[in-house]
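Trainee: Single-letter residue listing:
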Amino acid sequence: MTTLANTGTLIRFIVRRERLRIPVYLLVMVALIASTAAQSEELYPTQAERNEYAATVAGNPGLIAMVGPTYAVTNVGGDVAWQWGAFGGVVAALMSMFMVGRHTRAEEQSGRSELVRASVVGRNAPTAAALVVVVAANLLLGALITLTMMGFDQPAAGSIAFGASLAGVGLLFAGVAVIAMQVSQSTSGAYGIVGAVTGASYMLRAAGDVGNGTLSWLSPIGWGQSMRPFADERWWPLLLLLGFGAALVVAGFALLGRRDDGAGLVAPRPGPPVALPALTRPLGFALRLHRGALIGWAAGLFLGGLSIGLTGQDADSILGDSQQVDDIFARAGGSLVDNYLAVSLLSMALIGTGFAIQAVLRMRSEESAGRLEPLLATALARPRWAAGHIAMAVAGTILVLGACGLGAGAADAIASDDAGRLPLLLGSSLALAPAVWVLVGAAVALFGLVPRAASAAWGVLAACFLLAYLGPLLSLPDWVMDLSPFTHVPLLPAADLSIAPLAALTAIATALTALGLVGFRRRDVPV
Amino acid sequence: MANAISVSGLVKTFGSVRALDGLDLEVATGEVHGFLGPNGAGKSTTIRILLGLLRANAGEARLLGGDPWADAVALHRRLAYVPGDVSLWPNLSGGEAIDLLGNLRGGLDHARRAELLERFELDPTKKGRAYSKGNRQKVALVAALASDVELLLLDEPTSGLDPLKESVFQECIEELRQAGRTVLLSSHILAEVEALCDRVTIIRAGKTVESGSLGDLRHLTRTSIAVETAREPADLAALEGVHALHVDDHRARFDVDTSHLDDALRHLTRFGIRSLTSQPPTLEELFLRHYGDEPAEAA
Numbered sequence: 000m001t002t003l004a005n006t007g008t009l010i011r012f013i014v015r016r017e018r019l020r021i022p023v024y025l026l027v028m029v030a031l032i033a034s035t036a037a038q039s040e041e042l043y044p045t046q047a048e049r050n051e052y053a054a055t056v057a058g059n060p061g062l063i064a065m066v067g068p069t070y071a072v073t074n075v076g077g078d079v080a081w082q083w084g085a086f087g088g089v090v091a092a093l094m095s096m097f098m099v100g101r102h103t104r105a106e107e108q109s110g111r112s113e114l115v116r117a118s119v120v121g122r123n124a125p126t127a128a129a130l131v132v133v134v135a136a137n138l139l140l141g142a143l144i145t146l147t148m149m150g151f152d153q154p155a156a157g158s159i160a161f162g163a164s165l166a167g168v169g170l171l172f173a174g175v176a177v178i179a180m181q182v183s184q185s186t187s188g189a190y191g192i193v194g195a196v197t198g199a200s201y202m203l204r205a206a207g208d209v210g211n212g213t214l215s216w217l218s219p220i221g222w223g224q225s226m227r228p229f230a231d232e233r234w235w236p237l238l239l240l241l242g243f244g245a246a247l248v249v250a251g252f253a254l255l256g257r258r259d260d261g262a263g264l265v266a267p268r269p270g271p272p273v274a275l276p277a278l279t280r281p282l283g284f285a286l287r288l289h290r291g292a293l294i295g296w297a298a299g300l301f302l303g304g305l306s307i308g309l310t311g312q313d314a315d316s317i318l319g320d321s322q323q324v325d326d327i328f329a330r331a332g333g334s335l336v337d338n339y340l341a342v343s344l345l346s347m348a349l350i351g352t353g354f355a356i357q358a359v360l361r362m363r364s365e366e367s368a369g370r371l372e373p374l375l376a377t378a379l380a381r382p383r384w385a386a387g388h389i390a391m392a393v394a395g396t397i398l399v400l401g402a403c404g405l406g407a408g409a410a411d412a413i414a415s416d417d418a419g420r421l422p423l424l425l426g427s428s429l430a431l432a433p434a435v436w437v438l439v440g441a442a443v444a445l446f447g448l449v450p451r452a453a454s455a456a457w458g459v460l461a462a463c464f465l466l467a468y469l470g471p472l473l474s475l476p477d478w479v480m481d482l483s484p485f486t487h488v489p490l491l492p493a494a495d496l497s498i499a500p501l502a503a504l505t506a507i508a509t510a511l512t513a514l515g516l517v518g519f520r521r522r523d524v525p526v
Numbered sequence: 405m406a407n408a409i410s411v412s413g414l415v416k417t418f419g420s421v422r423a424l425d426g427l428d429l430e431v432a433t434g435e436v437h438g439f440l441g442p443n444g445a446g447k448s449t450t451i452r453i454l455l456g457l458l459r460a461n462a463g464e465a466r467l468l469g470g471d472p473w474a475d476a477v478a479l480h481r482r483l484a485y486v487p488g489d490v491s492l493w494p495n496l497s498g499g500e501a502i503d504l505l506g507n508l509r510g511g512l513d514h515a516r517r518a519e520l521l522e523r524f525e526l527d528p529t530k531k532g533r534a535y536s537k538g539n540r541q542k543v544a545l546v547a548a549l550a551s552d553v554e555l556l557l558l559d560e561p562t563s564g565l566d567p568l569k570e571s572v573f574q575e576c577i578e579e580l581r582q583a584g585r586t587v588l589l590s591s592h593i594l595a596e597v598e599a600l601c602d603r604v605t606i607i608r609a610g611k612t613v614e615s616g617s618l619g620d621l622r623h624l625t626r627t628s629i630a631v632e633t634a635r636e637p638a639d640l641a642a643l644e645g646v647h648a649l650h651v652d653d654h655r656a657r658f659d660v661d662t663s664h665l666d667d668a669l670r671h672l673t674r675f676g677i678r679s680l681t682s683q684p685p686t687l688e689e690l691f692l693r694h695y696g697d698e699p700a701e702a703a
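Protein chains in written order, with our numbering: chain A, 0 to 526; chain B, 405 to 703.
You can trust all of the hints, since none of them are fake.
Computed Cβ-Cβ distance ranges for the label pairs, DEER-style:
#1 A:R20 - B:E554: 49 to 57 Å
#2 B:R459 - A:G256: 53 to 61 Å
#3 A:G369 - B:S571: 21 to 29 Å
#4 B:E578 - A:T505: 52 to 60 Å
#5 B:D513 - A:G369: 24 to 32 Å
#6 B:E575 - A:R290: 36 to 44 Å
#7 B:D489 - A:V249: 38 to 46 Å
#8 B:R466 - A:G369: 25 to 33 Å
#9 A:W457 - B:A432: 49 to 57 Å
Please keep in mind that the hints were generated in silico from the structure rather than gathered at the bench.
Every residue, glycine too, gets a C-beta built ideally from N, C-alpha and C.
Could you put the whole structure together from the sequences, leaning on the hints where they help?
Mentor: What follows is the structure, encoded as structure tokens:
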């Protein structure tokens with residue numbers, strides 16, 4: 000087995016490099032599942048309420064498409080397994096992908112694997128070592144989930160089936176990842192392949208779960224869900240997951256043996272030898288750099304919007320009847336459905352602000368990577384360069400919020416059979432833009448004035464998140480709440496549109512941006 | 405003729421670090437000027453100030469008759485820059501990066517671009533992430549050399565190039581010199597500076613230690629002498645300015661300060677010179693002496 004020489008050393012090396020990531024990932028997954036279980040217990044204290052809730056969700060095809068078939072929502076374990084069956088599968092798949100990718104293709108792409116492979120290390124050893132660690136991480140995930148569910152006094156068989164179903168999906172996708180790493184020469188390309196397979200698996204089971212179920216059998220995530228934890232457990236789908244996973248790994252090693260170190264089975268596509276004129280103008284160039292992020296965030300927020308719209312009309316029964324829920328949704332002051340939609344759109348806007356901040360901070364990463372210097376050594380003035388990126392953040396905010404509003408509006412229009420809900424929710428989402436722009440302005444100001452601390456913009460966003468979620472629960476004083484721009488936007492469709500706060504927020508955003516630009520013009524580059 | 409670059413008493417501090425400490429630099433229009441110094445001497449900092457990327461704390465800097473900070477954009481239309489460590493956009497092809505940099509400067513010469521791609525054997529269709537260090541360097545070089553500018557600021561531009569491409573680079577610089585362009589070439593490859601530069605400025609720890617033509621600088625240095633005489637040469641060690649003396653029977657080898665060369669040769673003639681070779685100092689020795697490290701004593 001010379002092709003596996005020194006796999007053991009590499010395993011220890013990988014564990015050393017993952018010593019933080021794996022525990023954090025496992026902890027977050029377990030915490031999320033535990034909090035879902037705790038919520039489920041709290042929201043529906045009586046079996047009657049639980050039955051009512053189960054009947055509602057079972058009659059909502061949108062929810063079923065998003066989450067999965069309802070086998071046993073009438074008990075806490077079944078509810079958790081239902082809520083996490085598909086999402087948990089996706090998360091486990093992506094974690095396996097990242098773990099395999101980081102220690103195989105990414106190492107090859109950076110040239111580090113050359114150094115490692117030149118020593119006494121077999122050809123298959125890096126991939127084998129990564130797989131051993133990924134398998135261990137997935138087994139740990141399964142075990143921890145099982146123990147967590149048993150901690151909530153759930154039956155052992157269901158707990159084991161639930162843990163095993165998510166771990167099994169993770170293991171299968173480790174196999175998919177191994178294949179993808181052989182096919183593509185770039186790490187991002189390989190991630191794209193696994194991401195596409197994951198997305199297709201999710202979509203297939205969504206279509207199958209809503210329809211007659213046939214399509215779900217084409218999806219590994221569907222296989223995991225078909226183990227029916229906490230209902231009538233079935234164990235043989237686990238064999239399907241493990242069997243296919245193992246077959247993929249074997250195939251992956253066969254492919255690995257046929258390619259050169261650093262090469263992929265598919266040669267990378269060459270780029271254009273000359274640039275289109277649009278690319279060589281500041282705005283066109285900025286668009287090229289932000290294109291991928293724009294599309295990705297808009298698609299993600301569209302799906303987020305869809306999920307809001309699909310659940311909105313059932314908000315009443317899904318949210319149950321607790322003081323906590325009332326507190327969170329009290330602010331907007333409309334019907335419960337509109338409150339739910341308004342607050343959900345606000346949450347999505349807070350998430351979408353991540354795009355805007357990422358877009359502004361791209362300026363900082365371009366600067367740090369040394370790519371700004373040669374541009375500024377041309378006849379490109381600093382403000383024009385910055386304007387291209389800021390335009391992407393500002394216009395991108397509209398695009399991302401628009402995508403969210405469109406998804407929510409379309410789904411809600413269908414659910415409520417009222418076409419007028421589409422423009423209403425689209426407008427409601429877009430009305431949040433000025434608050435996002437204030438954070439864009441804050442990030443530009445940080446970039447211009449204190450570039451080394453520019454990433455503090457993420458801290459500003461985190462503070463807005465905390466104020467939005469914890470503020471009402473902790474009854475924080477008004478002046479604290481007023482610090483967040485999201486406190487000032489009218490929460491449509493529950494509240495009425497008022498122009499004054501939107502104009503004021505836009506003015507603040509403009510002032511912050513101008514401040515940042517002045518700072519950027521005066522400072523050293525690179526810092 | 406007016407100076408293309410004129411810098412005096414330039415000071416730049418980063419926190420408590422004094423990167424430039426009263427640096428002077430004069431580059432005449434139409435010359436190829438070598439800018440020498442060890443890592444961390446302040447070469448890149450000086451060039452960044454000349455590009456208006458950094459603002460000096462004190463001192464004067466004039467570039468093509470303008471203020472590098474205030475007139476940056478106007479000046480940049482007339483100059484091109486190649487950094488020492490080129491970083492490209494991972495998802496842009498090399499050709500796209502060349503056009504981007506060229507067009508932002510105000511357009512580039514497409515025939516020249518094609519010719520340079522050929523001479524440097526650079527494939528413009530590869531993506532930025534796929535280029536090796538040398539090829540990234542070529543992308544920046546082609547972008548700079550394909551633009552019709554008065555001044556080139558080159559910050560260790562040949563790092564990572566193979567010897568063949570380095571000679572292509574030298575040809576290109578020679579062509580620029582003949583076309584009357586001005587080049588500031590920072591380097592620590594001495595053969596390159598010796599081959600290309602009319603004048604050099606040597607800096608150390610943010611200060612200019614020497615500036616002049618290579619000929620001027622050699623006057624300050626030592627000549628290596630190897631001599632064979634009829635009688636054993638005596639008393640050489642007592643002569644002023646003689647270093648690293650080795651006497652072996654009728655042969656002697658030593659370095660002598662160029663200012664004492666005449667005395668040394670007069671002394672040697674008394675012993676009947678049979679053969680004599682002298683070597684001018686290489687820039688290498690010049691360089692090392694300026695940094696306080698004597699060249700290793702010849703064995």
